[in-house]
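Take these sequences, add in the hints, and give me the full structure.
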Amino acid sequence: VAAAVCLYSFSDLTCLERTADIQELRFPYVPGYLAFREGPAIIAAIKKLTQKPDIILVDGQGIAHPRRFGIACHIGVQLDIPTIGCAKTRLVGDYREPGVRKGSWSDLNYEGDVIGAVLRTKDGVRPLFVSPGHCIDKEGSVRFVLSCVGSYRIPEPIRCADVYSRSMKK
375 VAAAVCLYSF SDLTCLERTA DIQELRFPYV PGYLAFREGP AIIAAIKKLT QKPDIILVDG
435 QGIAHPRRFG IACHIGVQLD IPTIGCAKTR LVGDYREPGV RKGSWSDLNY EGDVIGAVLR
495 TKDGVRPLFV SPGHCIDKEG SVRFVLSCVG SYRIPEPIRC ADVYSRSMKK
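The numbering used here applies: residue 375 is where the sequence shown begins, and numbers increase by one.
Hints were generated in silico from the structure; no laboratory data involved.
Just so you know, even glycine gets a beta-carbon here, dropped at the ideal spot from N, CA and C.
Be careful, since some hints might not be right.
[Claimed, not checked] Derived lysine-lysine pairs resembling DSS-like cross-links, with alpha carbons at most 25 Å apart: (1) K422 with K543; (2) K426 with K476; (3) K496 with K421; (4) K496 with K476; (5) K462 with K543; (6) K476 with K462.
[Stated by the list, open to error] Each pair of labels, with its calculated beta carbon distance range: (7) E485 with M542: 32 to 42 Å; (8) K422 with G477: 26 to 36 Å; (9) G486 with Y526: 17 to 27 Å.
Spelled out as structure tokens, the structure:
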């Protein structure tokens, strides 16, 4: 499994550093267990950075997870760095569709608890599913994700890592 990490400057959304790690696949794809499949490679890639990140934005779930402990939680706890899960699809929960404008959001609810937010990052595009991972709350997670959105629906650090990861596979 290949994992790519992009370290960004929060103030101007510029990529400061990119790292990657490739590991032998040791766990099959099982929905809800992404941390066991991809987590070790992501953590190894993060540890290769020359600067420690202040916060980590993870392409996956935080507490918006059937066991309330998605890949963003795993990574945050193991590294003791605040993390946010930011996913393109919902794993669990119900929500009211947020407004069509950028910055509109609604609560993501599961089993009587608010487990995240459904966030519109661009006018009229599909929302993202944002949830706290480690040492951050829902509102802070939403603010941080919105501050990382550039020209695309996906926050720049996640988009950069995805593009970098795909380039490694060629």
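Please test the hint of 17 to 27 Å on the beta carbon pair from G486 and Y526.
-> Hint violated: Cβ distance 34 Å, outside 17 to 27 Å.
- Task: For the range 32 to 42 Å, tell me whether the beta carbons of E485 and M542 fit it or not.
- Result: holds, 39 Å
Distance restraint between K426 and K476, which requires alpha-carbon spacing of 25 Å or less = Since the Cα atoms of K426 and K476 sit roughly 30 Å apart, the hinted pair is violated (cutoff 25 Å).
Measuring from beta carbon to beta carbon, are K422 and G477 in 26 to 36 Å?
holds, 34 Å
#### Entry: Proposed proximity, K462 with K476 (alpha carbon, max 25 Å)
holds, 16 Å
Does K496 pair with K476 here, judged by a C-alpha cut-off of 25 Å? holds, 4 Å
message = Between the alpha carbons of K462 and K543, is the straight-line distance 25 Å or under?
response = The hint holds at about 22 Å.
**Prompt:** Given the proposed pairing of K496 with K421, does the C-alpha separation stay at or below 25 Å?
**Reply:** Cα-Cα ~32 Å, so violated.
Are the Cα positions of K422 and K543 separated by 25 Å at most? holds, 19 Å
The structure shown violates the earlier hints numbered 2, 3 and 9.
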